[in-house]
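Trainee: Chain by chain, the residues:
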Amino acid sequence: MTWLLEPGSAVEKFAVMLVAVAVFVVVMGVILFAVDRPKRVPAWVVALGFVGVPLAFLAYGLVRPGLITLWQSFFDRTGSEFIGFDNYLRAFTEGQFQKVLLVTAAWVILAPLLSTIIGLAYAVLVDRTRFEKLAKALVFVPMAISMVGASIIWKFVYEFRPDQPGVNQIGLLNQLLVWLGIPPQQFLIGQPWNSGFLIVVMIWIQTGFAMTVLSAAIKAIPDDITEAARLDGLHGFGMFRYITVPSIRPALVVVLTTIAMGTLKAFDIVRTMTGGQFGTQVVANEFYTQAFRQGNQGLAAALAVVLFVLVIPIIAYNVRQMRKSEEIR
Amino acid sequence: MTTTPTPGQSVAGTAVDDDARGAPRKLSRLEKRAIATKGRLSSPWASGVAIVIALLWTIPSIGLFVTSFRPESDIRRSGWWTVFTGNAEFTMDNYNEALYGNSNDLSTFFVNSFVITIPGVLIPITLALLAAYAFAWIKFPGRNFLFVAVFSLQVVPLQVALVPLLSDYVDAGVNGTFWTVWLSHSIFALPLAIFLLHNFMKDIPPSLVEAARVDGAGHVKIFFRVLFPLLVPAIASFGIFQFLWVWNDLLVGLTFTDTPYRPLTVAVAEMAGSRGGDWHILTAGAFISMIVPLIVFIALQRYFVRGMLAGAVKG
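For the protein sequence lines, the chains are A and B, in the order given.
When we follow UniProt numbering, the leftmost residue of the first sequence carries the number 1, and every step to the right adds one.
When we follow UniProt numbering, the leftmost residue of the second sequence carries the number 1, and every step to the right adds one.
Honestly, the hints are just simulated from the structure, not real lab data.
Do not take every clue at face value.
[To be verified] In silico DSBU-like pairs for lysine-lysine, Cα to Cα no more than 35 Å straight-line:
no., chain 1, residue 1, chain 2, residue 2
1, B, Lys-202, B, Lys-221
2, B, Lys-139, A, Lys-324
3, B, Lys-202, A, Lys-324
4, A, Lys-99, A, Lys-219
5, B, Lys-139, B, Lys-202
6, B, Lys-202, A, Lys-133
7, A, Lys-219, A, Lys-265
8, B, Lys-221, B, Lys-139
9, A, Lys-133, A, Lys-324
10, A, Lys-219, A, Lys-324
11, A, Lys-219, B, Lys-202
12, A, Lys-265, B, Lys-202
13, A, Lys-219, A, Lys-133
14, A, Lys-133, A, Lys-265
15, A, Lys-324, A, Lys-265
Please model the complete structure; the sequences and the hints are all you need to start from.
Mentor: Next comes the structure, spelled out in structure tokens:
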């Protein structure tokens, strides 16, 4: 039976996959069959048949580990000695980690803002033009690929070759600099701008999301409103500033907060492009380093909790704005 | 009469309304287009900005794509844009080496990605459908509390769950296998999946469910006979979303799989770390890891966008 745990060939792997799916189907089928006796099964038993397994999964795989992590964050690196808030103290006071927090803050502020601004501008600019569908698809495609893939795409754009005669730049950005008569730069090494060049990748990925959501919101603005504004003499930027933006405010808040949360948790870009070196480390990647490279259980747990705590103000802002816009309606 | 859908406030509805309305509507759309072309959009600045954005969003990918077909020596010697100025040479060698080479062998990881992704989509969607049905249509004690609890679990970052789960898997002796990745992906997908599918289920008119119940159907029958067929578009939307999420995931794959069972993303990320300068392999490898999501996206774009909008606007 070892092939169930350690399949060798591709055929064995697909066989294991089929076994897993079959086991799942049979188990769920038995549960549903058992609760589907119309003869007076109490409602809560039927409900348990439907929600039992999913809730058990969540309790086992999210709630319980979350609590364990919270508990572990008060212990030392091996998890043997209780040290109170020392891990958190370290994460917020030690220079190395303060820098990580600062860089993370830059990510969480810049990536959502710029993605939203560019996405909104693009949505407005291509709205109702002949090429709208194609133009949107072009910007949307990066949403479909992995952050690892996007990182490699951009690492190649940033590629640096020493500035010597006979050496050609192979990265597009440095070639552009050379064409402009500026010496090529090591974009991923020079601090603090290297973090900015990493954030560009996140913006590149998330703009498609912002554009799609905002474009749908713009199209949902009732015609009579724009018509009335036009009769009142609003055009171009005035229309954008006083009609479009206020009308899509709820969508703007959702886009900003969604991207902010995604950015906070993303570690793929930093890990693939710099590995967190050269002062580009962020909390999500530092967590991974501490947990699986440095083996510092306590500190890693504290960083995971910090990630969770940082999400809360974003959510709170989202909920407050939602309430506000509902009151206005 | 009973089957008239309640007017949904969903974003997807607006597109349908546009087409469904009669002739006067069409006229005003034409007018609008005329105004639009006369107004701000014909300004050269506006089109210029739009074109620059479109270029910035495509040229980097084109660079990767072109490079992956160039011979290794050419890649080292000159930029990919030189292929547009004559005597360019193209080859499939890079793909051969990335897929079947001694040290890369991405074909294995390609298989792994499929083996991980298919159950990683089927299992959570099935579970979420059942849970969403119960939360929407079965009355049981604690329902609202549990639904809010599941809903709020969406904000928990995966990071808090990784280390305890991993040590469990190690204790159980299944650590590093496909089983742990399937389980983890299924768990992590549930909060969003239940929430989204619950929203879709709530849009179905209650009269349909009531009618089926009057006819004597149990919940299981109602679920499969009445609701499931109506939910196919919603399931497709979320299915594509989850497919891309699992396929593109790095964190879960990196944490839970041993080397022979790694997904493509982990293998390609590793290549980027260890063979950072070998652009012939890296570009081909990156493109191999993207081809499936790209096909899915292009073929099923409508469902994908709809699923994402539902998730974002309602979440």
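Trainee: Does each hint hold? Answer for all of them.
Mentor: Here is what the structure says about each hint:
Restraint check for Lys-202/B and Lys-221/B: the C-alpha separation of about 18 Å stays at or below 35 Å, so the hint holds. Taking the CA atoms of Lys-139/B and Lys-324/A, the gap is near 31 Å; set against the 35 Å cutoff, the hint holds. About 24 Å separates the Cα atoms of Lys-202/B and Lys-324/A, which keeps this hinted pair within 35 Å; it holds. Our distance criterion of 35 Å between C-alpha atoms is broken by Lys-99/A and Lys-219/A, whose separation comes to about 42 Å.
The straight-line distance between the Cα atoms of Lys-139/B and Lys-202/B is roughly 14 Å, inside the 35 Å bound, and the hint therefore holds. For the suggested pair Lys-202/B and Lys-133/A, the alpha carbons sit about 31 Å apart, so the restraint of at most 35 Å is met. Distance check on the hinted pair: Lys-219/A and Lys-265/A sit about 31 Å apart at the alpha-carbon level, within 35 Å; holds. Restraint check: the Cα-Cα separation between Lys-221/B and Lys-139/B comes to about 17 Å, which is no more than 35 Å; the hinted pair holds.
The hinted pair formed by Lys-133/A and Lys-324/A meets the criterion: a straight-line CA distance of about 33 Å does not exceed 35 Å. With a C-alpha separation of about 22 Å, the suggested pairing of Lys-219/A with Lys-324/A holds against the 35 Å cut-off. A C-alpha spacing of about 25 Å is found between Lys-219/A and Lys-202/B, which places the hinted pair at or below 35 Å, so the restraint holds. Restraint check: the Cα-Cα separation between Lys-265/A and Lys-202/B comes to about 30 Å, which is no more than 35 Å; the hinted pair holds.
Between Lys-219/A and Lys-133/A, the direct Cα distance comes to roughly 14 Å. Compliance with the 35 Å bound is thereby established for this hinted pair. Distance hint between Lys-133/A and Lys-265/A is fulfilled; the C-alpha atoms sit about 31 Å from each other, no more than 35 Å. Among the hinted pairs, Lys-324/A with Lys-265/A is consistent with the structure: their alpha-carbon atoms are about 27 Å apart, no more than 35 Å.
Comparing the model with each numbered hint stated earlier shows that hint 4 is the single one that does not hold.
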